[in-house]
Amino acid sequence: MAEKQGLLSSGWRMVGRNKRYIVWFYVLNLFLGLFGTVAFFTQAGTILDHSLLADRLVHGFDFGVYVEMLARPEFGPTTASRWAGVFLAVLFFVATALFLPGVLQGYASTYRLPREDFFRACGRNLWRFIRLMIVAFIIFLIVAGVLFGIRGALEKAADESTNELLPVYVSFASLFVIFLVMSILRIWFDLAQADVVLSDQRAVRKSIGAAFRHTWRGMGRLLASYVMATIVAAIVLVAGILVWMKFVPPASVMGAFFVSQLTLLLLLIPRFWQRGVAVTYYLQNMVQPIAVVESVTAVTVVAPVVAESAVPVAPVVPPETQAS
Amino acid sequence: MKMRWMILFFPMVSIIGLSLAVMRHAAEAAPPQAPATVVSAATAPMAARSAGALAIPDTVLAINSDEPMSERVVHYEIDAKYDAVKHAVDATEVLTYHNVTGQALDHFPFHLYQNAFQPKATWVNEAKVMGSRDTNYEKWEDKYFGSEEIKHLEVVGQGDLTAQLHFIAPDDGNKEDKTVIDLPLSKPIAPGEYVQFKMTFQTKFPETQARSGYKRDFVLGGQWFPKVGVFWHGAWNCHQYHNTTEFFADFGVYDVKLTVPQKEIVGASGVKVAEVSNPDSTKTVTYHGDDIHDFAWTAAPRYKVREAVYQAQMGPVQMRILMQPAHWSQVDRHENILRQSLDHFEKWYGPYPYKTLTLVDTEPGSAAFGMEYPTFITGGTTWFMPEGLYGPELVVEHEFGHQYWYGMVATNEFEDAWMDEGINSYSEVKVLDSMLGKDTSILNLAGATVGERENQRLGYVSMADFDAMAKNAYEFYNANSYGGVTYGKTASVLLTLESIIGEDTMAKAMRVYFMKYRFTHPSKEDFLKTIEEVSGKDLRWYFNQAVYGTPVMDYKVARIESLPVNWYEEKKKAGKDDKDTVYRSYVWLQRKEDFVMPVDVEIKFENGDKIREHWDGAGRWTRLGPYEKKTKLASAEIDPDHKIEIDRNDFNNSYRTEANGKPARKVANYWLFVEQWVSQALAWWAV
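The listed protein sequences correspond, in order, to chains W and S. Residues 866 to 1189 (the numbering used here) are what the first sequence spells out, left to right. Residues 16 to 702 (the numbering used here) are what the second sequence spells out, left to right.
Hints were generated in silico from the structure; no laboratory data involved. Hints are supplied without guarantee of correctness; some may be wrong.
[Said to hold, decoys possible] Below, in silico cross-link-like pairs of lysine to any residue (SDA-like), each with a Cα-Cα straight-line distance of 20 angstroms or less:
#, chain 1, residue 1, chain 2, residue 2
1, S, K625, S, Y642
2, S, K677, W, D914
3, S, K571, W, H915
4, S, K677, W, A1116
5, W, K1021, S, D149
6, S, K158, W, D914
7, W, K1021, S, K158
8, S, K619, S, D654
9, S, K645, S, K677
[Stated by the list, open to error] Footprint (simulated), chain S over chain W, 3 or more residues, beta carbon under 8 angstroms:
#, region
10, 898 to 911
11, 955 to 963
12, 1018 to 1031
13, 1132 to 1145
Don't be surprised by glycine CBs; every beta carbon is placed ideally from N, CA and C.
Just need the whole structure built from these sequences, with the hints factored in.
Have a look at this one:
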């Protein structure tokens, strides 16, 4: 039975079958990142390229020299570089939202999703995703606002304590709680996204409602899976930085670039893994059997696009053949 | 089903648990309710001497010396009771003053420093406008309020003069400022005579401001009692308390009784001579200080105490380290930096004569960290302080250094702040360089490094255009300029001076200055002339620019050029990269700003040859060369030994012909990583 299959393992297999999505997103992020770094690189080059002092940044990292570089008038305002980075981060965010429906469709598919189907899914769900994100944004904002407000009040109260470490404990513990709550919200809207795409649901409120019910029902399995993926991400990040610090010689720019980019590539995997978990959960628990009205004439059954493990199976068929 | 309830249950229980824990600890933090107590003048042990028998004690209880080391002008006898609930001190003070000024004194000004923390006071006004280390007073809160009130004052032989007291504002005329009070006498005090003031006063501490006050159940009593001004250069020197100023006082003897709740652990200036328990759950601790010019104390119930002995040149020094419990793992670091600081200062400048040295790790989150008082300093650390982050070492070393540059060489901190903070910052750079490495003395962690000399220089060059070093501390452009110039510029100017007179000569000059002027109030010229005398050089050209002026230094390698001598011959031959081509090379240097200083220049060629040149810097620019060699120029560098610390832009001090893009690529790669990571994190949570 599909229900007995682990979310993590099924999700992981989906990620494994669709590695290309991770590579695409990585390449997109790298491209945008490089684009956003041009201004910084050029500004730094005007100061560093012909100066012997710059050598102190190569053989080790003299933080004072770095700060002095940023402070030089000829470097220009640091906001220029910073805003370029912010804009491109937003661009990556938009691109992720745009292409995610195709990814979800690909994950649910038992075969390699053709490019036109991928983009069709993206286009068909664009407006739905925007509506979903608006709702998610409002809910995230309210919940995060309340939680961080409570956290602030607790920290303020803890600060009156004579135990210096109490505010620290309060801070970390409350952050952990906020992380758990926000993860639950993330699960909710990840399921809603899966439902919107895979059920071709135009009324996003129905997907939000269904996802809410299933988040509630499957909270244990889902949250455990999401937390596990996040822990893996944290391990990847820490390990990557440690390798960078311990094994890459200070003067090796290429080595640093390779390790940092590998870390970022690996860091993408846990989030796609979570997506795989959400799609798996959808296929195992949320798919509604579809009453296919067969005419007297034989209906051409298109190749099933739903994972065979999902039972009862709601065959994902071209929308024009679906019954309403 | 069960699982999801557990998941929801966990955050709820966490929040409730955290709330309870916080409330419990907050409740524990609240000081015990105790009735306010006031020490009456009648019960206070006022010195019952007649005016004719007045004298300043010649005690040596607190110093490793057989005789007094300073000209003792004052003797303070204070009996104070601290109310831990009201954060207030009620006290009696007997001040005996010896008129060594050579002229009759018909009035006496007193500092009432704690009155600075009132909304209309000059200190608060300046903090709001100029910026402050501690509080920017976005809105006024009651906890910021401090006060110091003389309730009764009599002068032995002249009677009750309380009514004669009146506030003055010698610096800015602010009638609302109550930090200086003046007392006209009915009968002047003749030269050589003594006068005794008996007063009762009450001080209310604010939540820590300017390194004094309370925080939770901690208190640091600094600048807490009425303190007479200094008669200096023919007049009373008693400035108002300003946002950027510190203090100035005469040497003398302090006998202070502190009555505090029984549970308090107390630390203070001087040596502890008695401790008695009182029937009302208090205790009275008595301290005595010789040849000091201030007295500070602290009390808190949770200090963990390390006692150790340092064998100084004049005798043993009892080191007492009061640590916060959560910082106890750092106590060895604190003791080590104290020992090493004592070692370096005794070796370089002169002996530490006092029998005690108390280091206080102040209450977390308080504004009491990083302060100096005689034989009593406050450090600064947090619960998380990995090895390689040398914040505690930096603060403790700096504050210890003030035992020399402020404690013993007691310059006027109102007018010549650079002479204590700046000279001390210079010493601090030298000591930390010696202990932790020139380029790693602040940070040496995860491959990133910063040295304290670089830190001081950056502090200066960021605010180089506004103020001279030799300037009243309360007349700076803003708090950043005060900090950048007073600390950073002075340290950088003195480090650069080493390149002019030599490091050894500078070390000798500093020792001579300390030994000659310890236990006195030297002026800026005393210091500068000492350096000139020891070095045997006329350094006015340097002091006029660096100390008295605001010229900024920025030298630049403007251009370097290597041309084939036979450039006019046919193209394919001229400039051809063969071994016989002779190049004529030039280097252009530019002085971009007004500071004129001779500099060395190192010129390197592609074949490895080096040439050292010297430029007096007199003109706006100069051209070095021609150098005719069968090789081209590779680079030119001003100040190749990196001895000049006052150049505003170190990047343009050198130029290499062949661009090296590696540094820019390296820092850009960091930027790229952060940018991509932020993008991924945003997409993770938001989509």
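Quick rundown of the hints versus the structure:
| no. | hint | result |
| --- | --- | --- |
| 1 | S/K625 / S/Y642 | holds, 11 angstroms |
| 2 | S/K677 / W/D914 | holds, 8 angstroms |
| 3 | S/K571 / W/H915 | holds, 12 angstroms |
| 4 | S/K677 / W/A1116 | holds, 8 angstroms |
| 5 | W/K1021 / S/D149 | holds, 18 angstroms |
| 6 | S/K158 / W/D914 | violated, 53 angstroms |
| 7 | W/K1021 / S/K158 | holds, 16 angstroms |
| 8 | S/K619 / S/D654 | holds, 13 angstroms |
| 9 | S/K645 / S/K677 | violated, 28 angstroms |
| 10 | 898 to 911 | holds (count 8) |
| 11 | 955 to 963 | holds (count 5) |
| 12 | 1018 to 1031 | holds (count 11) |
| 13 | 1132 to 1145 | holds (count 3) |
When each numbered hint is compared with the structure, violations occur for hints 6, 9.
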